[in-house]
Amino acid sequence: MGIAEDFAPSFTQKPQLRQEDEGNRLIFECQLLSNPKPDIVWFRGDTQLAEDTRTVMKTTPIGSNKYTVALELDDVIETDAGLYKVKAKNKMGEVAASINLNFSPADDPAEKQIDGLAPTFLKKPSIRQEDDGKRLLFECRIQADPTPTVIWSHSGIQVKEDKRHKFSIEKDGHSYFASLEIIDVTIEDAGKYKVTAKNELGESNATISLNFDSGENGAGFAPSFIEKPRIIPNEDGTLIQMKCKCSAKPKPEVTWYKADKVVKESSKIKIIVNEKDDTYEIICEITDPIGPDSGTYRCNVKNEFGESNANLNLNIEAEAEPEGDPPTFIEKPKIRSEQGGKLVVMECKVKAKPMPEILWFHEGKVLEQSDRISWTVTLKGDKYHIRLEVKDPRKEDTGLYKCNIKNFHGELNANLTLNIEIVPVIREVPKVVTISKKKTVVIECKVMSMYEPSVTWMKEKSSIKEDNKHVVHIEQVKDGEFNVKLEMHSVTDKDKGTYKLVAKNEKGEVTSAPVEVTEIPETIKEEKPKIASKLKAVTVTEGQTAEFECSLTTIDRKITVIWYKNNVEVRETKDVTVTFDGKSARLKSVNTKFEASGIYKVVFSNSAGSDESSTELRVNKKEEEKEEEKKEEEKKKEKKKRRRRWEKRLEKDEDIVFLHFLQDVLRNILCSILNHLFTLIEYEIEIYLVHLTWDSLNPLVFVFETYPRPVLPDENIKNPYAEGKKFPILPKKSLPPYSIQKTCTYILDC
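Quick note on numbering: the UniProt record's numbering labels position 350 of the sequence shown as 350, and the sequence is numbered without any gaps.
By construction, these hints were calculated from the structure, which means they are not laboratory data. For glycine and all other residues, C-beta sits at the position ideal for the given N, C-alpha and C.
Calculated lysine-lysine pairs in the PhoX-like style (CA-CA distance at most 20 angstroms, straight line):
(1) Lys192 <-> Lys134
(2) Lys485 <-> Lys446
(3) Lys342 <-> Lys446
(4) Lys228 <-> Lys349
(5) Lys504 <-> Lys485
(6) Lys391 <-> Lys342
(7) Lys406 <-> Lys383
(8) Lys469 <-> Lys500
(9) Lys494 <-> Lys469
(10) Lys351 <-> Lys406
(11) Lys461 <-> Lys485
(12) Lys621 <-> Lys631
(13) Lys245 <-> Lys192
(14) Lys351 <-> Lys134
(15) Lys160 <-> Lys192
DEER-style ranges, computed between Cβ atoms:
(16) Glu452 <-> Lys251: 38 to 44 angstroms
(17) Ser607 <-> Glu572: 23 to 29 angstroms
(18) Gly237 <-> Arg372: 56 to 62 angstroms
(19) Lys395 <-> Gln241: 47 to 53 angstroms
(20) Ser370 <-> Asp132: 26 to 32 angstroms
Using the sequences provided together with the hints, build the complete structure.
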């Protein structure tokens, strides 16, 4: 959504009067359009109204840039009668309307109330040039009823109609078209213009500035003197003023010189700059002038767009100055391209008397005329046309150009920056290249351009958009030359036709000669991959590099290659990499581990089929690792051998006794014995008794020696079955399975 343009207020509904509270409250109400929101002022007669306990003013938004404006009067009295006027104003202009409140008898005359519409501007005034800038038209459209009176002013001074200034106002339906025409435009015409439209219902105004600036650079313009410099002494000769007047945007820096020395302010010398819009009055005052104050003074004014100088000869004897005028611009200096970008023209138009001297600079160096670079000065009436031409512009011609214009009365400089962006040039007919294998057509064309151009390929009268089928390439071959290609993939008979290239930049565009695409490459049947050299078996030692390679009979980079190890796809890691150059596929493994051993397979495939090859990778362990494994294996065998011995011992029923201790104290005694038994060495055990205790629902089995050790006297073990009771024997077949632990503890799983 765009941003709404600012505009002056305009009434969509003229003021109306309604009563409330049986006539005790009166409301004046109207509606208007405005952007930005207007300031509202109410009047009774010529007196501006203010809010109080009886008077209320309201402005209420009712839509986009639309407002309801109301004035409420409470406890109405007879003195409230009169002509009421409402005025709405914003930065774009103002509008007013009135309504009469009459309490007098019907036969009494009332103040005049006019029906209609106060003037409003339907759009902002515009400026139009004709006759190559010699004639300007300020135009605006006004809505009003009755017909408005239109007044134009320039820099606060009303414009009078004369041979250079013409006014017109024409009715067009419900609106009026007003214009101001200025003929033989000069720099003095620059400044702010105001147009005021007025009728009995109100008035409105709008402003517009004329600064002789092109649309390319609205930021400002170089200083130029718009009046002849003057020396004005006072009546008794105690004060001399040297006055100059110039126009500039932005505000210029001002420096006064006497001969070649800068004039500085002091108790004797004062420098004054008076600003109004973009016009500046510059004054150098000398108090109590004497003979040594005589000499040539120069007023220098400059800003980022250029500079200008005015010279004055101060003679205390009041000698007459030579007649003439310093150079002044009558148009903003311009740069333009001609002859399809093969010629660059820089142009200045000035007024001066006598004829000025012209000096051109490029990047601070004095410019000399040559076969490619030349300039002329032509007098037309009282104006000088200065023209610099650069033929076949090159990259080194870019940069800042300065035109120095000087005569006895002053000096003027114009700064112009040349950024060469010449129109692209196409010198050859585009070429068509076909690639049968890929069923692709390529059209290529060379474009001469200082910078990369914007390009569009056309088929017949339609532009081609880039997609999967159409690809555009722009390649810089060398400075100022680009190769532009259009690639069309999977072409068919529909792609036959006439093609051309359009290349453009900010300065213009060029279209190539047409080229015909008449032949479409035939489709070539794709063949499945065929292996030329198969994989070979590889044997390495751990830590070494293992590498496989397999080659095809032909080169085809579109083929898909997948590696497998034991039928599982191989993924690349920091140690494993795979490559394929279109013919040979390689798999490389560095720091190879023993676990990398296995069957490796490579599969080549495309839409027509596949081919594969497989082989084995053997990874041998290092000698020291083999020795360690051998020792570990011997330990496992010894452990297995001892386990078989344990199992054999436990096959005898008489060696297994189950004691069920019912008291906690006995269990604690048993636990204290167990803590000691963890230090037993398996080789010392000959015969074992198995004592059983119950902890929750899981039985635990502990192993003891047959004969008590010295540190565990018999009296520490209280056996409830010691007094001749028979030990309960659990049949062998009902024994639950057990597992052997190194601590000689057997855990029953039941």
